[in-house]
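Peer 1: Those protein sequence lines, which keep their order, are chains A and B.
Residue numbers are given in the working numbering: position 101 of the first sequence equals residue 101, and the series is strictly consecutive.
Residue numbers are given in the working numbering: position 61 of the second sequence equals residue 61, and the series is strictly consecutive.
Misleading hints may appear alongside valid ones.
Claimed, not checked - Computed beta-carbon distance windows for the label pairs:
{"id": "1", "chain 1": "A", "residue 1": "182", "chain 2": "B", "residue 2": "46", "range": "31 to 41 Å"}
{"id": "2", "chain 1": "B", "residue 1": "106", "chain 2": "A", "residue 2": "79", "range": "49 to 59 Å"}
{"id": "3", "chain 1": "A", "residue 1": "163", "chain 2": "B", "residue 2": "296", "range": "23 to 33 Å"}
{"id": "4", "chain 1": "A", "residue 1": "95", "chain 2": "B", "residue 2": "146", "range": "57 to 67 Å"}
{"id": "5", "chain 1": "A", "residue 1": "182", "chain 2": "B", "residue 2": "58", "range": "26 to 36 Å"}
{"id": "6", "chain 1": "A", "residue 1": "164", "chain 2": "B", "residue 2": "296", "range": "17 to 27 Å"}
{"id": "7", "chain 1": "A", "residue 1": "64", "chain 2": "B", "residue 2": "117", "range": "55 to 65 Å"}
What the hints assert, rightly or not - Listing some non-contacts, in silico: residues in chain B with all C-beta distances to chain A over 12 Å:
{"id": "8", "residue": "88"}
{"id": "9", "residue": "129"}
{"id": "10", "residue": "167"}
{"id": "11", "residue": "186"}
{"id": "12", "residue": "211"}
{"id": "13", "residue": "241"}
{"id": "14", "residue": "280"}
Hints listed in this document are in silico derivations from the structure and should not be mistaken for laboratory results.
Glycine residues also receive a C-beta, built at the ideal position from the N, C-alpha and C atoms.
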Amino acid sequence: MSRAKKPRGDATFDRELAELPPELRWREWMGRIEAVLFASAAPVSREDLARVVGQGASVELLIGDIQAELAARPYELAQVGGGWMLRTRTRFAEAIRAAADVGERALPFTETELGVLCAIAYHQPIDRAGLAEIFGKEISRDLLTRLRMRELIATGPRSPRPGAPHSFVTTETFLATFDLQSLRDLPELGLPLVAGGARDPGA
Amino acid sequence: MTFQPARLPDDTDSLPQLPGWVTSGGAETPGIVAFRSGAALLVLDQLLGDPGQGVPVRLLANRLALSAATATSRIEGRLARESDIRDAYHLTPPGEARGPDGDLLAFWRDAARLRSGGDAAIAALTGPQFADACAGWLRAAAETARTQGPLAGCSMAMAAVLEADPRAERVACLLSDVVLARAMGWKRVLPVTAQRLQGTRLRDLGAHDEPAALAVQAQLLETLGDTIRLARTLTARAEALRAKAPKLRAKGAEEAVALFLSEDAVAPGAMLSPRIRGTSVRMTDRAARRFCDRLVALGLARELTGRATFRLYGL
């Protein structure tokens with residue numbers, strides 16, 4: 001759960017870099033942002049990034065410059081949910097998978113896990129009883145705990161049922177994992193409501 | 001359930017009322033809409049601006065925030081019901097994730113707390129994506145509001161946001177509310193814009209479609225009518241509660257009544273006990289539940305959920 005290492009507001013960390021000429025200063029800031037994103041597995045918010053550059057510097061402009069530099073690289077700086085992250089471009093997915101079990105830990109889900117995740121994404125907030133109604137069987141606490149450990153889901157509002165069980169909601173990491181800007185990008189929900197026409201079969 | 005005998009009409013009759021012709025006719029041209037909206041805005045302004053009218057403004061704003069959340073959920077395609085949204089917000093323990101529905105209501109409740117002049121707070125709520133552009137849009141819309149009427153300013157602000165990002169409907173509605181509050185000189189933002197809007201209309205509006213702009217303004221006019229009716233209803237209920245308040249002799253009754261006059265939904269277990277929210281007055285769980293039940297028995301409040309547990313009460 002280590003967030004991007006963010007220098008605290010201690011005296012030793014120089015945000016402004018006042019002694020550098022403007023161009024070098026800008027390059028240093030770009031470097032800092034890229035480094036922070038490189039070191040972080042999860043998306044980093046704008047506020048966190050703003051903390052490593054000068055007061056007046058625009059994080060958006062800095063990121064734009066980094067993105068321009070990365071145009072030819074196999075990885076990109078993408079906006080995900082409410083923050084930014086570095087990630088490999090999708091067309092290299094096969095290569096990464098072929099090379100090693102790099103992605104093994106991070107990605108694969110069992111069919112049930114994916115199904116449960118999907119049900120939570122669409123029906124959140126939903127508790128175990130609600131999931132049991134959808135799947136016709138109890139969903140094990142272990143499975144839900146595994147999804148929670150990966151920070152794909154979090155506990156949300158209490159359900160108004162006896163025992164006040166926690167319901168589950170999806171997280172920012174969920175959005176990042178499935179490359180969604182927001183929940184509206186979920187298939188079908190993201191479709192325009194005009195004329196109940198063509199649905200996306202690939203989803 | 002016992003109901004309060006009908007003593008409400010004499011109270012509401014003294015309140016400013018919307019003349020029937022404002023919403024009865026058609027809305028064929030921008031001129032007609034601007035003219036009719038003038039009357040509606042005047043009535044609304046009289047209701048909100050004069051504390052002597054007894055309109056529970058905070059309660060009205062929070063109630064409107066809930067319907068704005070329901071409306072934006074519909075526009076965004078999530079289709080959460082009002083009760084789902086209210087539950088998600090009120091049943092989330094402190095520090096836990098509210099989920100999309102609860103977050104949406106939190107967004108609109110924050111909106112209803114905004115000072116209409118506070119550029120920084122408004123930019124913070126719209127998010128980093130719009131933070132830089134907000135001030136410019138608001139300035140341009142204020143100019144339009146000055147020359148063509150507040151509703152024209154509202155639809156212009158919405159069009160500007162939706163052109164930049166067609167999916168930012170909630171930000172569009174928020175900025176429209178800000179434009180309205182500034183044009184009317186209200187200190188706080190009142191979330192009225194979203195209530196009746198439809199997603200398709202907003203898409204056309206973002207594409208600078210003239211008929212869509214007129215249709216949006218006509219819907220805003222109808223919403224103003226709804227808001228005036230809601231304000232009058234809530235005022236009548238608030239008056240009834242204020243009249244009976246001295247007879248409620250429970251400890252902390254005064255503070256609890258004040259909470260009911262500012263919140264559209266009160267959860268006795270979380271908001272009245274162990275301390276009445278916003279005060280240091282203690283109330284036990286049991287006393288809180290008894291107090292709410294007593295209000296219901298007196299016909300002063302309603303239970304909103306229909307559940308036997310996790311109940312929420314409101315006027």
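Peer 1: Determine for every hint whether it applies to the structure shown.
Peer 2: Hint-by-hint comparison with the structure:
A C-beta distance of roughly 40 Å is found between residue 182/A and residue 46/B, which places it inside the suggested range of 31 to 41 Å. For residue 106/B paired with residue 79/A, a C-beta distance near 22 Å fails the hint of 49 to 59 Å. Against the hinted window of 23 to 33 Å, the Cβ-Cβ separation of residue 163/A and residue 296/B comes to about 25 Å, which satisfies the hint. A hinted range of 57 to 67 Å holds for the C-beta pair residue 95/A and residue 146/B, which are about 59 Å apart.
Between residue 182/A and residue 58/B the beta carbon distance is about 30 Å. The supplied range of 26 to 36 Å therefore holds. A hinted range of 17 to 27 Å holds for the C-beta pair residue 164/A and residue 296/B, which are about 22 Å apart. Between residue 64/A and residue 117/B, the C-beta spacing of about 31 Å breaks the proposed range 55 to 65 Å. The Cβ of residue 88/B does not lie farther than 12 Å from every Cβ of chain A; its closest approach is about 5 Å, which violates its non-interface assignment.
For residue 129/B, the requirement that its beta carbon stay farther than 12 Å from each beta carbon of chain A is not met, with the minimum near 9 Å. The non-interface label for residue 167/B is inconsistent with chain A: the shortest C-beta to C-beta separation is roughly 6 Å, within 12 Å. No beta-carbon of chain A is positioned within 12 Å of the beta-carbon of residue 186/B; the least distance is around 30 Å. In this structure residue 211/B is separated from chain A by more than 12 Å, as the shortest Cβ-Cβ distance comes to about 17 Å.
Consistency note on residue 241/B: stated as away from chain A, and its beta-carbon is indeed over 12 Å from all of that chain's, at 26 Å minimum. Every C-beta of chain A lies more than 12 Å from that of residue 280/B, the closest at about 26 Å, which supports listing it as non-interface.
When held up to the earlier numbered hints, the structure conflicts with 2, 7, 8, 9, 10 and fits the remainder.
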